[in-house]
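J.: Here is what each chain is made of, one letter per residue.
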Amino acid sequence: MPLSREFLVLLGAALCYLGGFGYAVHSLRQGTYRPGRWMLLLLGGGGLLQTLFLRWRGQAIGGCPMTTPFELLTFISWSIVALYFIIGPAYRLSLLGVFTAPLALLFQASALLRPEALAPPLPKITHSFWGELHAALALVSYGAFALACAAGIMFLLQDRQLKQHRISPGLRQLPPIHYLTRAIRGLLITGTSLLTVAILSAYRMEKQPPTDKLTIVWFVWALYASLLLYESRRGMSARRAAAAAAFGFLIPIISLWFIGRH
Amino acid sequence: MLLCLGLSYAHTPVEVRERVALPAKDLPTALHALLELPDVDEAVIVSTCNRMEIYAASPSPAAATAQIDAWLRLRFSLSPDIAFFHHHREEAARHLFSVASGLDSMVLGETEIFGQIKDAYATAHAAATTSRHLNKLFQESFRIGKAVRNNTQIQRGSTSVGSVAVELAEKIFGDLRDSHVMLLGAGDMSRRCAQSLQSRGAKGIIVSNRSHQRALELAQEMNGRAISFEDWPAHTAHVDVIISSTAAPHTVIHPEQVLPSLRRRRGRPLFIIDIAVPRDVDPRVHDIEGVYLYDIDALEALASETRQRRQDEIIRCLAIIDDHLKASPLFRPHPFHHPTRPHLPDPI
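Protein sequences, first through last, are from chains W and E.
Take any residue in the first sequence, count from 1 to its spot, add 821: that is its number in my numbering.
Take any residue in the second sequence, count from 1 to its spot, add 83: that is its number in my numbering.
I should point out that these hints are in silico values taken from the structure, not numbers from a laboratory.
One should not assume that every hint holds.
Covered stretches of chain W, as calculated for chain E (at least 3 residues, CB under 8 Å) [unchecked claim]:
1. 981-988
2. 996-1005
3. 1056-1063
Just so it is clear, CB atoms sit at the ideal spot from N, CA and C, and this is done for glycine as well.
Extracted from the complex, chain E is given alone in its bound form (with noise of 0.2 Å):
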């Protein structure tokens, strides 16, 4: 019979969770001695920073269950005011469908999780600590878990700011590997969002700042090259995207400073990006054919309408999940296989 016990950032705060890591190179020792309990047959351990989940087959599962709670108070030295949640046979797998689907993580629908159990099962599969059932449950997850995010709109959209800016630059430009990128303003918030579009492949680092040091070091710490903050409207003609975050008390962007670089752009859009608060740019930029100004309530707005879109097909994700639980041969009435050890992997 399946179980799983744990906890993860939905109850349990951070300093408790950071106790309960284990890295990945004590999983295996960790999975034997989970095995070396007297009701445990079959285990699997989920740790990332948000969760540490034990997924295990025994033919008792309340003795199992306590037999793990207290090997992990006794390993982590926890206070018995900290609890674990458990949950036995459906519910068990209707957890880890919902956790593989991104349903339980902080970020509602996100993918890394989907990577993080499919390492966290290859690790037990190659120590020998799964068998029969926690071999089908896992590959039934990986199955339902991509059934999910290819059958609803759970993964799609950005849900954070920075996450905004990329996927519209991507929107508007395609492949970033082409696409020039100016700063203005050496903030924390625009390096941030500049490194994100740098991750996806933009080049050509731009940065202009009041204070020319400073925006020296930027520029140096980002593979850049820094210009003076008088010269950056002769640079509009070539970059592709402009994100500003000055401590200005005023715009700095007009369109008579954007308009001049249009006809050397041959139809090339320009992605403007204000993440400065008073505004940066001044609001009619926008009207300009080609530009496209997003300030820090726009990407805000279409972050939070996405985690809203997320929000609503939670409803058709459990429908996914509940339809393969009932359809699932793991929980067929059948007697149980008590397997001898030890284990042998089935083959992935």
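Isolated chain W, as found in the complex (with noise of 0.2 Å):
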């Protein structure tokens, strides 16, 4: 059976990822890496080929594409490059891109191995405005924590080199651990504000999500809301923070695969 266009556009983009994933693990082994312009058009070019297919598939089935887990994970892999160009430049972390082409692929090459990857897409159905404002902020949110799990874990990394008084020659170039732990905070307070917003627009829907769907979603929201609460009352080293960004991010993925199979 030939490949779909959408299917090959997408499988574009997971290969620009993976070369961008290899470029920099290579190059941060030969300790040269210098985030540029073969990363940008790597991530660049991979983002775009994902925007086609999304405009794509939202003309075909006449709203978000966000209809099947191939999609949905699809418009994370999108959500998490569109963040990393918002977000990178504005907290200095151009080095975010080594861990960005990574997360991006993996959710990628994920939703290609999907059985419904090769399927046409469902019929036009449909859509409620609350609804796609609901799962697209969702997603997004889900690009953000993320982002702050990538940001994480190069906190931990450098963390444990520091304290052994080691600095490896591919550790070197990664941001510094201060503007590290901002950005997580700033990642962290982005995916749960989004995540709010789209938790109170599912409630406006006309027919709203199953209950144990949206239990599971305010739980991550419950997890994330309940970190920032205690890091801004309590306070929080950044250790536990980046560590906590890092690990946490297994809920949200647990949820998606829950949601997933509903």
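Dock the two chains into a complex; use the hints.
T.: Printed below as a string of structure tokens:
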């Protein structure tokens, strides 16, 4: 069976992210990594191909393309890359690309491996504004949590080396840990705020999502909201915040799997 | 044909180097004097605190080398026992490429020499003492110097205790312009360390010393402010870097003094540099989350690691230079063209 043009553009996007990841790993090992046009070209190229897919698929189904787990995973991968271009420069985290590329690849490859990736889009249905807002914002918030996870891993790697009085040539080029601390906080606030709006949108939908699905989204929200609340009220070491952002992302991943099943 | 002749820190003591050092203002005159020699057609002089080297183009390099040697001895009244190194053709080019890449520097891989060679070439070019051969040679050296630095780790990392401290501070805080520094003890080493941080933008220097008068003097020198030694723990919440070098025979910074400030720091890390011997800071301070303590041994170990890594990179650097030399148009067989004086500079 010939592959559809939609599948091919997403395959191209996945290859771009794979190339970005390979380039970053190779040059970090060599100690010569310079975040520059190659990483931007590869991430930007992948993002553009995904945008093309989302446009085609959106036109086909007459709404936001988030009707199947294949589309959901692609949308998250796209959100991660979009947030990288928005958040990265704001926090002077050009090296976030090193971690953005594998994350985007992970989600995009998972999407392409889904059985419905080769299936034609679902027929046009009536979409509700609140429903689409809910889904889109929830997925973008997951993208923010994914980037916070990446920044958290970068922090933990460096913190460990600084505590061991070592700086390996590869890690020497990672962003300063204070910038990462600020980025993690910013990304968690962004993600939690978007998820708050996403949950509130769900209650404006004519036909509300199933209770178990909403419960798990509330659970994810509660996790990050309590983390931020604790951090602001009691104070939290940067290391613990980074660990929470890095390992806490497992919960959204599990929730995605759960939502995907329903 | 290319040649180079000179002396450097490797084989010549500073007493001799300082005698042959040429100030920038004297270079054009010296360059023109070199071109007065019968067999010298082009000349560039690289004169720094570590080396004085003359690069020249000549149809008979052996004669030109002897003439330049004699000119140097006469000009600087040097005794015959002072020897100059000299290289011809590819070896002269290889030497310049090594120097431009920082491979011949006292601090292996340092970058300052690259700028100094550029300045030397610009001076010679402006004085019209370069032409086809040296223009090509020096342009090639800039290209190779960049290639070596971009493709190897020869210039990465810091090689001295002070620069390691600055690098670590930047690794932790990024831009140091928002960083505040506190000095405990007013020793010379802590002053130099703080000056290094200041040169990278650190501000708000606080000095605390058992002798308050000494603290006041150092604070004035560094545009900071002095506090009494008893008050320093109250300031740990507001500073980012603490440099400690008191002469105390026991530790003066303990976890109990650092812990209360952590909550007010709101996750902002604290970098403590302990350059005192015996140490000023209780090693348990390093176990506190968000606090990074480096004593003199830890800093020296990092500097030494970098120096070793740079040594290990030399082979890769030399391979890059060899590859460029093989491909260089400078040494493809061609008849030697004797330029006609006066030399007209090629456009840079």
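J.: Next, verify each hint and record whether it holds.
T.: Here's how the hints hold up against the structure:
1. With 5 residues having a Cβ less than 8 Å from any Cβ of chain E, the stretch 981-988 of chain W passes the three-residue criterion, so the hint holds.
2. Three residues within the 8 Å Cβ limit are the bar, and the stretch 996-1005 of chain W against chain E gives 6, so the coverage statement holds.
3. Judged by the Cβ-Cβ criterion of 8 Å, the stretch 1056-1063 of chain W is covered by chain E as claimed, because 7 of its residues qualify and three suffice.
Comparing the model with each earlier hint shows no violations; every hint is respected.
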